Each structure stands twice: as C-alpha cells, then as structure tokens.
Amino acid sequence: MIIRWITFVSLLVTVAAVAQTPAAKPDAGGYPAPTAKLERGRTVYVISSCHFCHGVDLTGAAMGAADLMHLPLVGRDEDGNLIGPIVRAGLPNLQTAMPQYPDYTAEQISDLAAYVHYLRQEGRYRELTAPGEASAGDAKAGAVYFSGAGKCGSCHSLSGDLAGGATKYKAEILRQRLLRPGPDFVSEGASPGIVAHLKLLERYGDGDVRNLLAYLQAAK
Amino acid sequence: MMGARGQAAPAVSLIGGMPFGVETFSFHDLPPAGDAGLIPTLIDDMKFAGLAECEIMSGHVEPMGSYATGWWVATRRAPGYAKMREEARRWRLTVPMDYYRNIRKQFEDAGLRMYYYNVNFNETFTDEERDRTFEAARALGVDGFSSSTVLSEARRLVPFVERHKMYVAMHNHNNLVDPDQFATPASFETALAMSEYFKATLDIGHFVAGNNDPVDFIDKHHDRIVNIHIRDRKRNNGRNMPFGQGDTPIKEVLRLIQSKRYPIRCYIEYEYGSFQSSRDEVKRCVEYCKEALAS
Numbered sequence: 015m016i017i018r019w020i021t022f023v024s025l026l027v028t029v030a031a032v033a034q035t036p037a038a039k040p041d042a043g044g045y046p047a048p049t050a051k052l053e054r055g056r057t058v059y060v061i062s063s064c065h066f067c068h069g070v071d072l073t074g075a076a077m078g079a080a081d082l083m084h085l086p087l088v089g090r091d092e093d094g095n096l097i098g099p100i101v102r103a104g105l106p107n108l109q110t111a112m113p114q115y116p117d118y119t120a121e122q123i124s125d126l127a128a129y130v131h132y133l134r135q136e137g138r139y140r141e142l143t144a145p146g147e148a149s150a151g152d153a154k155a156g157a158v159y160f161s162g163a164g165k166c167g168s169c170h171s172l173s174g175d176l177a178g179g180a181t182k183y184k185a186e187i188l189r190q191r192l193l194r195p196g197p198d199f200v201s202e203g204a205s206p207g208i209v210a211h212l213k214l215l216e217r218y219g220d221g222d223v224r225n226l227l228a229y230l231q232a233a234k
Numbered sequence: 116m117m118g119a120r121g122q123a124a125p126a127v128s129l130i131g132g133m134p135f136g137v138e139t140f141s142f143h144d145l146p147p148a149g150d151a152g153l154i155p156t157l158i159d160d161m162k163f164a165g166l167a168e169c170e171i172m173s174g175h176v177e178p179m180g181s182y183a184t185g186w187w188v189a190t191r192r193a194p195g196y197a198k199m200r201e202e203a204r205r206w207r208l209t210v211p212m213d214y215y216r217n218i219r220k221q222f223e224d225a226g227l228r229m230y231y232y233n234v235n236f237n238e239t240f241t242d243e244e245r246d247r248t249f250e251a252a253r254a255l256g257v258d259g260f261s262s263s264t265v266l267s268e269a270r271r272l273v274p275f276v277e278r279h280k281m282y283v284a285m286h287n288h289n290n291l292v293d294p295d296q297f298a299t300p301a302s303f304e305t306a307l308a309m310s311e312y313f314k315a316t317l318d319i320g321h322f323v324a325g326n327n328d329p330v331d332f333i334d335k336h337h338d339r340i341v342n343i344h345i346r347d348r349k350r351n352n353g354r355n356m357p358f359g360q361g362d363t364p365i366k367e368v369l370r371l372i373q374s375k376r377y378p379i380r381c382y383i384e385y386e387y388g389s390f391q392s393s394r395d396e397v398k399r400c401v402e403y404c405k406e407a408l409a410s
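If you read the protein sequences in the order shown, they are chains A and B.
Counting from 15, one number per residue, gives the positions in the first sequence under the working numbering.
Counting from 116, one number per residue, gives the positions in the second sequence under the working numbering.
If we strip away everything but chain A, and leave its shape as in the complex, we get (with noise of 0.2 Å):
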C-alpha cells in the first residue's frame, strides 16, 4: 500500500479546482463521468440497461441482481477479465435471466469494467467514511494486515514515508487519506500508487481500515 502524505498545499489546490468545476447534472443513468474512458463505460452500462437491476450507483441492487458494490468478483476482475465473461455469455439460470450481450467489443468490455470499478470506489469510499466505520480497530489486525494482505510494506514504512503522519492529521483526514490518497477515479497516466490504493478500496474487508488507522495511530 502506498500513502503519500498530500502537502497542505496541494490539497487547496485540487479543493479550487473542484469548487470551480460546474456542477454536472445527473440524466437517467446517474452522473456524467470523469473521463472519456469512463463516459464511454457508463454509456455501455445504461445502454446494456444494467443500471435497471443493479443500481445507478450500484446501490439498490434489484430483481435478485448481484451486488457489484460488494461482490467478491468484481473486486478480484482486472479491466474486464472476470466480469467480461459474464457479460458476454448472460447468466441464463438465473430466477431472471440476466442478457447476454455476446458482441460486445474488448474495449467495449474494457470501458465497462473500468465504469463498475468506479462505481464501486466511489461507492466504497462512502461506506469506508461512514460515522459508523469511526470506532476503535485493533492495532495488532492492522499490523497484520499491513504487512500481509494489504502488501501496505511493499511501499511503505512507518519509520520512512509514514513517520510522524499520525500526529499530522486527524483521524478522519487520515482515513480520507489511506483510502484515496490522489484523484478519485483511474485517469490516463495515474501513477501505479493511486492505481493501487483504489483497487484496494475495491477490496477492503470488514474491519480491515480502521484495523489499519489503529495501526498508524499507535505507532505515532
């Protein structure tokens, strides 16, 4: 896991930025997305109707569809690998069999996965911030997790890029920060760090983030 502590400075910036955008207005397949990439997901999303059963947002999943926010699968797909399959052979056994859609292109397939993945960030990161999620983990879980699951060593270290980072912010702003330390969403160019923080926003598990904040906290 990577955490770039994002100087005071920056974080103005990309706040300016965000204050000046105007304000994008939601049609019937939700809001317009940050990229042409990912516009072009949502666009294969709407038109292939998959918002009717799984969620503008990926929320509200109905008619017994499956939860793309939380399924495991989703989590594990990389640019359409696990989730094109399915969506090019239809789940046929279904109570209600879900379509298929057997023309759809690689790019096709690559643009609508990367659209779900965005979904489920953004989607995650609002649960994963929730008042809820602010109770007490457990240090000695997030050390685990630190050093196994999460691969958070592979990048980091608390006596290197992390030290003293705990007593910089507080701990909401260091949970916003573990979980999405750049930009919200995959853009052209992002660098490997940002691509592997969100993916592993996909992934945490039940506990995993504030067993990780406990971590950080204690070792200030």
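The set of hints was computed from the structure by calculation and includes no laboratory data.
Quick caveat: nothing in here was measured; it's all calculated off a predicted structure.
What the simulated footprint calls covered on chain A by chain B, stretch by stretch (three residues with Cβ under 8 Å from a Cβ of chain B suffice, anywhere in the stretch; the number is not a length):
id	stretch
1	48–62
2	99–112
Here are the simulated DMTMM-like cross-link-like pairs (lysine to aspartate or glutamate), alpha carbons at most 25 Å apart as the crow flies:
id	chain 1	residue 1	chain 2	residue 2
3	B	198	A	141
4	B	349	B	304
5	B	162	A	41
6	A	165	A	202
7	A	39	B	150
8	B	349	B	328
9	B	349	A	121
10	B	280	B	242
11	B	366	B	406
12	B	280	B	213
13	B	398	A	41
14	B	198	A	81
15	A	165	A	141
16	A	165	A	93
17	A	39	B	144
18	A	39	B	159
19	A	182	A	198
20	A	39	A	71
21	B	198	A	220
22	A	213	A	136
23	B	162	B	402
24	A	39	B	395
25	A	165	A	92
26	B	349	A	117
Virtual Cβ for every residue (Gly too), placed ideally from N, Cα, C.
Dock chain B against the given chain A, drawing on the hints supplied.
Structure of chain B alone, referenced to chain A:
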C-alpha cells in the same frame, strides 16, 4: 368474474381500436416505495405518455419494495431479510382496506384505471397473507392479478382464486432451466389446466428471448390471455432493445390481436437502456405501436 367492479368509467387509451396501458415497472425513476409522491408521479407519467390504464406493481402500492416480499430467491439469503419479510407480512395483515381504496380514488379522480395488480406470489406468503392480498386487490378495484410466480405456487393458489373468484394471470420470464418457472408454452398450459381462474400475462419479449413464438401462442390461447407485455428482446436470452430493433414480432402480434379482435389488453413494458427519462421512453414506445398499427 371479470367485470369492472363498479368503477366510474375511466378514459381509455385506444390505439387501432385496442386498449393500451403500461406495466408500472416501466417507470424506473419514480419516488421510492412508500413515498407520498409515488402515486401522483405515476399518474402524471401515465398522462404524459397518453395511457389511461395500468398494471400496477405491488412495490408501487405497498410501502415496502417488492424485494421485501420474497419473490427474489437471492434476496431471501440477504442479512436481515427474515425480519424485513415479517414486517411486510404484518403490514399486509393489518393495513386498513381504506389504504387501497384511497389509491384507487386517486386513479379514478384522474380518469385512469388500474386493471391488474402485479403481485409476485411465492412460497413465503402465508395463507392468511394470500387471502388478504386478494382483499387488497378487490379494494384497489382491479380485475385480477398479474403475477411473476412459479408452478409450485400456482398449485397453492388454486383454492384462493376459486374462493375469491378472481383470476391470477401468470407472467413469464425466460429461464429455460428451472421447470418451475413460467417461460415456455408448456409451463403456461400446465397452469391454465389447474383452474379456469388462471390466465396469462404474456411478456412477448421474454417469450422471444426464450426462443418461443408469441404469435403462435397468442393465436392458440387468446381466450386465456388477459394482457400482453410489449417489449423487444433478441432471441437466445438476448438483450432488451428499443422497439423495432430486437427480434420480437411486435407488429405481427399487435396486428394479430387487432385483426382477430382478441380481447387482450396491450401494455408497454420499457426496460431497454436510455439516458432519457422513463416517461419519455414509454411515450416513445407508444408512438412505435401507433405507427406499427397505422402502417
């Protein structure tokens, strides 16, 4: 059995002399279940689309979404489902019938009519709940039910339709793997043989997606079909398409019903993808049907 149950005569939306309406599922952007604005918005959307009658989903009548009442097997496995289902049952068993009469009044005051109550009967219903749901349908003033149900539940429903003298029209999807599902001519015929009060709501798009022929089925069973759902899907479990772009013979079906004067009501069901509002798309579907019958 299938009279108008004393309702004031509503406006009718005839196209080519045939009564057209809408399955309210088509309006995907209504306020959530239980919201006071739902029925007024639905009525406004129907007027906008020029449709005077509907098949109304239980999720648009009851304060809980359809997912809370057991049809979706996957949902039954969700955390908290048992409590949610019990609360839904308790609501059904205790709500005064004036609740439903008030909804009926809103439609009547607008000159609209609910013809069918879409309730997806399933094994999670208790007998008391089934009885109560028939009473609710009577209070709504509908002719009968349209139901996405299964053959095993149809067997349970026989004494209820006989006792309440109200029909249940089976609605199909296109799951060809589960023999309990309505998806083939044989599944419909099995249910229709169980009781004269069993009818069919034939979804012609799903029927085609299951590689069946709706024209043939309608011609053969027209006296047991109360309404059709008009959608356009591709064959082989293909996708929903804008009307006229899939494999569903919409024009042929409409012309068959028109030319043979079958008393089958034709209901739009919009489910293809679009960035436009649902009511815009429902209106577009209506325009397609008008052109299909005019050409």
